[in-house]
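Participant: Sequence order for the protein chains is A and B. Each residue of the first sequence is one higher than the one before, counting from 1 in the working numbering. Each residue of the second sequence is one higher than the one before, counting from 1 in the working numbering.
Read the hints as simulated data drawn from the structure, not as lab findings. Every value quoted in this text rests on a predicted model; they were computed, and no experiment measured them. Some hints could be false.
To be clear about the criterion: a stretch of chain A counts as covered by chain B if any three or more of its residues have a C-beta under 8 Å from a C-beta of chain B, and this derived list gives those stretches [unchecked claim]: (1) 77–84; (2) 89–96; (3) 101–112.
In silico negatives: residues of chain B with every beta carbon more than 12 Å from chain A [as the list claims (entries may be wrong)]: (4) R6; (5) F30; (6) R35; (7) S40; (8) Y44; (9) V92; (10) V102; (11) F116; (12) P145; (13) T164; (14) Q168; (15) L210; (16) L211; (17) N222; (18) Q250.
Cut-off 20 Å, straight-line C-alpha distance, at most; resulting in silico cross-link-like pairs (SDA-like, lysine to any residue) [to be verified]: (19) A:K73 / B:R85; (20) A:K73 / B:W81; (21) A:K103 / A:D130; (22) A:K153 / B:G173; (23) A:K213 / A:T18; (24) A:K73 / B:L84; (25) A:K103 / B:R180; (26) A:K271 / A:T245; (27) A:K103 / B:R85; (28) A:K155 / A:K213; (29) A:K103 / B:L183; (30) A:K73 / B:R161; (31) A:K264 / A:L287; (32) A:K109 / B:R180.
By construction, the Cβ of each residue, glycine as well, lies at the ideal position given by its N, Cα and C atoms.
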Amino acid sequence: MAEPFLSIQQVRKSFGATTVVQDFNLDVEPGEFVSFLGPSGCGKTTVLRMVAGFEEPSAGKIVVAGKDITRLKPNQRNVGMVFQAYALFPNLTVAQNIGFGLKVAGMPKADADRRVAEMLDLIKLPQMGDRYPYQLSGGQQQRIALARAIAPKPKLLLLDEPLSALDAKVRVSLREEIRSIQKKLGITTIFVTHDQEEALSISDRIAVMYGGKAEQVGTPFEIYNRPATKFVANFVGTLNVLEGTVTDAASGKVRVNAQEVSLKGKLNGSKSGDTLSLALRPEAISLGRHPGRDSSLSGEIAEVHFLGSVIRVRVGIGGSTVSLDTFNSPATPPPAVGEKAEISFSSGDMLVLH
Amino acid sequence: MKQGSRFWAWLVFGVGTAYFILPLLATFEFSLRKRRGEYSFDAYRSVFEDPNFQTTFTYSVVVAVFTILLGVLLVVPTAYWIRLRLPNLRPVVEFITLLPLVIPAIVIVFGYIRMFGSNSALPFLATARGTDVLLVIGYAVLALPYMYRAVDTGLRTIDVRTLTEAAQILGAGWTTIIARIILPNVLIAVLSGAFLSFAIVIGEFTMASLLNRPAFGPYLQNIGANSAYEPSALAIISFAITWGCMSLIQILSRFAPRSANRPN
Numbered sequence: 001m002a003e004p005f006l007s008i009q010q011v012r013k014s015f016g017a018t019t020v021v022q023d024f025n026l027d028v029e030p031g032e033f034v035s036f037l038g039p040s041g042c043g044k045t046t047v048l049r050m051v052a053g054f055e056e057p058s059a060g061k062i063v064v065a066g067k068d069i070t071r072l073k074p075n076q077r078n079v080g081m082v083f084q085a086y087a088l089f090p091n092l093t094v095a096q097n098i099g100f101g102l103k104v105a106g107m108p109k110a111d112a113d114r115r116v117a118e119m120l121d122l123i124k125l126p127q128m129g130d131r132y133p134y135q136l137s138g139g140q141q142q143r144i145a146l147a148r149a150i151a152p153k154p155k156l157l158l159l160d161e162p163l164s165a166l167d168a169k170v171r172v173s174l175r176e177e178i179r180s181i182q183k184k185l186g187i188t189t190i191f192v193t194h195d196q197e198e199a200l201s202i203s204d205r206i207a208v209m210y211g212g213k214a215e216q217v218g219t220p221f222e223i224y225n226r227p228a229t230k231f232v233a234n235f236v237g238t239l240n241v242l243e244g245t246v247t248d249a250a251s252g253k254v255r256v257n258a259q260e261v262s263l264k265g266k267l268n269g270s271k272s273g274d275t276l277s278l279a280l281r282p283e284a285i286s287l288g289r290h291p292g293r294d295s296s297l298s299g300e301i302a303e304v305h306f307l308g309s310v311i312r313v314r315v316g317i318g319g320s321t322v323s324l325d326t327f328n329s330p331a332t333p334p335p336a337v338g339e340k341a342e343i344s345f346s347s348g349d350m351l352v353l354h
Numbered sequence: 001m002k003q004g005s006r007f008w009a010w011l012v013f014g015v016g017t018a019y020f021i022l023p024l025l026a027t028f029e030f031s032l033r034k035r036r037g038e039y040s041f042d043a044y045r046s047v048f049e050d051p052n053f054q055t056t057f058t059y060s061v062v063v064a065v066f067t068i069l070l071g072v073l074l075v076v077p078t079a080y081w082i083r084l085r086l087p088n089l090r091p092v093v094e095f096i097t098l099l100p101l102v103i104p105a106i107v108i109v110f111g112y113i114r115m116f117g118s119n120s121a122l123p124f125l126a127t128a129r130g131t132d133v134l135l136v137i138g139y140a141v142l143a144l145p146y147m148y149r150a151v152d153t154g155l156r157t158i159d160v161r162t163l164t165e166a167a168q169i170l171g172a173g174w175t176t177i178i179a180r181i182i183l184p185n186v187l188i189a190v191l192s193g194a195f196l197s198f199a200i201v202i203g204e205f206t207m208a209s210l211l212n213r214p215a216f217g218p219y220l221q222n223i224g225a226n227s228a229y230e231p232s233a234l235a236i237i238s239f240a241i242t243w244g245c246m247s248l249i250q251i252l253s254r255f256a257p258r259s260a261n262r263p264n
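Generate coordinates for the entire structure from the input sequences, incorporating the hints supplied.
Facilitator: Below, the structure written as structure tokens:
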């Protein structure tokens, strides 16, 4: 791995007796887009605010481009930030907002004007320079906020839930725009969100946080398909969790609701008689037996929801219920509630949660 | 029923208006009676031609301007800092700013005379200029409840913390943040406080009189004690000045920068 551009080392933050971030470590490569994903109160915004300089770590170190910035004031860090509430200055026009950082840095007016025009082009709002923030929509305001943050060419871009206040459609288009601008400029970016779809769709890597700790750091593919902890598995995507008991550790046999499943090589040192949580993504399960799927469980159709192109089926297996999605086919009617059903899956897709 | 409630509403409005307007009309009518047997503006002419009117009024206006400047310099950073970093101290600061409403001006001015006399460590009262400075400080204290309330209310309408952080991360220091971001966004509130301060200073008598300064308040009192029609003319002029200030607040508030969070 190349020398990390941003290195957060053993960072801890306490407010009085409450520790909100504990022993947080993360190395971010130059130009990388890393998302902090987690529920409210997990400490993701606090870590971001420590990188920005708005909060001082109780312990640990933050290094950017080889320089320790832990005790530097926010205005000395050369970091750009976009806030959830836009935070555009209401008394300044769009152009003045974008040029604010340049003016503070003492850039000559002609150069600053040129840079502002460049930024307005970049966010595809070239005609908006003379408008005031209240004359713009939420999406436009957030694009201006992005332009303002990157205009002074910061070393690092911090995005604090920048899409949360926007409606669903704008959110999707703006997140793609943010990602494309980030790639174009190659700026190292930290993005805080509680929306897993957002994090999965635009990040190079995701740090899933819970209780002030990074539960897992990995690519979206790794996070989704190989969750390291129960929390990550539950938080990212939809998951069916079944309780099982190891019947024969040597051959990997596990009993799930009086039926046997083979999980050879996945038991990670579990002994016979141990209870395990087993997880399956809905897309890894099929209704009925299918070739290539080596495991199956029998149950009864509990619920059927017709969603148009997709039919969501919930199958009761003993005391648990498993969700799965099947594509709608006009030739095949959906299963009926109460029908006996068999679900099949590949044992390789089953996750053993610890 | 609806017709009836409307009648009572109009009646209350009419009585209220008459309660405020009639004494004013009576004063105005009396101020026009200087010339025997006919209405004239002689009393007003006499007031405006009086060199003491011009001197004292100019003096009070200058003192008011300095009072406003001192008030803004004192109150804006204080209210901002309380909101940003010390919100727990807000009730204490509010209580302190309300003290001038409870402690009479005469108590404050006697305190000043004892504290800052010619023989004290800070002899403000030893020179006329020093006394002027003390008067400005005293007026800033008297106007504190109005100025602080106005500015604090203005700060409540903006997201002080996020705007500060947004400016900080763009490289701005405290002076730039207050001068370029906070002050322009609470300008209307500051102006409201400023005009209220102006109205207080223009008519203030106790401090100016006891510090023996040639202000408009003591002049008003002196004219009131020695003339018949001029005091009424001066009362109307004072009302006009106050109303002018209030109207300016209204007009300027139309040009207030609108917050992103409160469009229109």
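Participant: Is the Cα-Cα distance between K73 (chain A) and R85 (chain B) 20 Å or less?
Facilitator: holds (16 Å)
Participant: Taking the shortest Cβ-to-Cβ distance between F116 (chain B) and chain A, state whether it exceeds 12 Å.
Facilitator: holds (39 Å)
Participant: For R6 (chain B), is the shortest CB-to-CB distance to chain A above 12 Å, so the non-interface label stands?
Facilitator: holds (37 Å)
Participant: If we take the beta carbon of R35 (chain B), is the closest beta carbon in chain A still more than 12 Å away?
Facilitator: Consistent with the label, R35 (chain B) stays out of reach of chain A, its closest Cβ about 53 Å off (over 12 Å).
Participant: Does R180 (chain B) lie within 20 Å of K109 (chain A) when you go C-alpha to C-alpha?
Facilitator: holds (17 Å)
Participant: Take the C-alpha atoms of K103 (chain A) and R85 (chain B), compute the straight-line distance between them, and say whether it is at most 20 Å.
Facilitator: At roughly 26 Å apart (the allowed maximum being 20 Å), R85 (chain B) and K103 (chain A) break the hint.
Participant: If we take the beta carbon of T164 (chain B), is the closest beta carbon in chain A still more than 12 Å away?
Facilitator: About 9 Å separates T164 (chain B) from the closest Cβ of chain A, which leaves it inside 12 Å; violated.
Participant: For the pair supplied as a hint, K271 (chain A) and T245 (chain A), is the alpha-carbon distance within the 20 Å limit?
Facilitator: Holds, at about 10 Å.
Participant: Just checking, Y44 (chain B) versus chain A, shortest CB gap more than 12 Å?
Facilitator: holds (41 Å)
Participant: Check the non-interface label on S40 (chain B): least C-beta distance to chain A beyond 12 Å or not.
Facilitator: holds (49 Å)
Participant: Are the Cα positions of K73 (chain A) and L84 (chain B) separated by 20 Å at most?
Facilitator: Measuring from Cα to Cα gives roughly 16 Å; hence the hint holds.
Participant: Below or equal to 20 Å on CA atoms is what counts here, so check K153 (chain A) against G173 (chain B).
Facilitator: holds (19 Å)
Hint check: violations occur at hints 13, 14, 27, 28 and 31; the rest are consistent with the structure.
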